[in-house]
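S.K.: With the hints as extra help, turn the sequences into a complete structure.
Below, each chain spelled out in residue letters.
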Amino acid sequence: MRAALAWTVGVLLAACSRRAPAPARPAPEDPPLDVELRVVTAAEQRNAHFVEEAALVAQRVEAWRQDGHGELPPLEASQGASDAASWPEVRIRNATDFGLVVWFSGPCPRTVALAPRAEHAEELCAGRYDVVAELDEPGFDPFVGRGDELEDGAAYQVTFLLRER
Amino acid sequence: MRRRVALGLALPLTLVALASRGTAERPDTEPALPTAAVLVSSSPSSDVFLRAYAFEVTATALKELGFHVAPLQLTTSRLTRDGRSAEACLDDDACLQQVAAELGAPTLVLVQATKASDRWRLALRTARVELEVSASGPTEVEGSVDEIFAGVAPVLAAEVPDDPPCVVQLEGPRGLRLLVDGGERDVAAGRVFVAPGARRMELVVPGRSPWRGRLRCEGGRTYALEAR
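So the protein lines, in turn, are chains A and B. Going by the working numbering, 846 is the number at position 69 of the first sequence; the sequence numbering is gapless. Going by the working numbering, 169 is the number at position 180 of the second sequence; the sequence numbering is gapless.
Everything labelled a hint here was simulated from the structure, so no lab data went into it. Please note that the accuracy of each hint is not assured.
[Stated by the list, open to error] One side only, chain A facing chain B, incomplete, derived with CB under 10 Å:
{"id": "1", "residue": "A820"}
{"id": "2", "residue": "F875"}
{"id": "3", "residue": "A895"}
The beta-carbon is built from N, C-alpha and C at its ideal position, and this holds for glycine as well.
M.R.: Right, here's the structure in full:
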């Protein structure tokens, strides 16, 4: 009887040992994510905003072009710019008694608001710009330019004044 | 009847010393500046100059404080999306959070501009957006346009919160989830704001092993976190 019991226990132990799990193998894993974490540069930041801003300003300029508007004469560059690598600078003078909003539609779009009799200097990147000016007074049409090429190293000036016709 | 007036007169400048300023002042490889947005509502809402000038003086003051400012038309388009009024959005924290995330601008200046004759009034609130919006009470600046220009800068210098949050721009497969310090963040806008300091980041994508890393947020920087 004891021998039979020992035999039975022995067989069971042997069976259990055979059925014991194999040494743990790593479960098949999901492929890892390939991740890059980096600091965004000033240029990327600026460009991200400029792309959308440029499209929005261009839409507005086109709407003005379709409506009634006055013509802006072309901007002219100076002859003696000091640094050929500098960004173009546009100096705006508001010689009216009204507020003035000037829109630059181009690669570095910009909206500038000038108080009456105020001046402002704006640096823009080089490229072709449509310039629009709007007076803060009911009844005035906006002024729309026909496209100005602004070049590095050049400076420009535009003065807005009123002459009744 | 509309009056026809002339003219925009273009004159060449013979000599201009170009100052380093505005968009050209930082080399392209420098880290992005902390981003701010100026959200303007105006009365009357049709007054283009009122809105543009309120934006201009506020943005100029923020740039002096070291911020990159989201441009006017882009900001206005987000603020008035789907025909909602700017006023409605300025009074709604969920709307402000959405606009801030879309612009990547965790620092907001909320401006209510009014004008009566030659007198202007700007009610300024500064807000910081992180997990929620925390805004200051309004401070009013009143006067002529020149007085407004002079009055806005000191208000913002005193009230814009220090230590702006960082912006994390996310790009990755569908179903991407982001946890910051163990808390899941809403990634619908593609950007999340992270408080300054050392942060534990975890990216989870179905069917992929999670990515875990650390981010030291300082200086209100913007980070690109791209998963493939």
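S.K.: Next step is simple, just say for each hint if it's right about the structure.
M.R.: Now the hints, each set against the structure:
1. Taking 10 Å as the C-beta cut-off, the interface hint given for A820 of chain A holds, the closest approach to chain B being about 4 Å.
2. A hinted interface residue such as F875 of chain A counts as satisfied when its beta carbon comes closer than 10 Å to some beta carbon of chain B; here the least separation is about 8 Å, so the hint holds.
3. For A895 of chain A, the shortest C-beta to C-beta distance to chain B is roughly 8 Å, which falls under 10 Å, so the interface hint holds.
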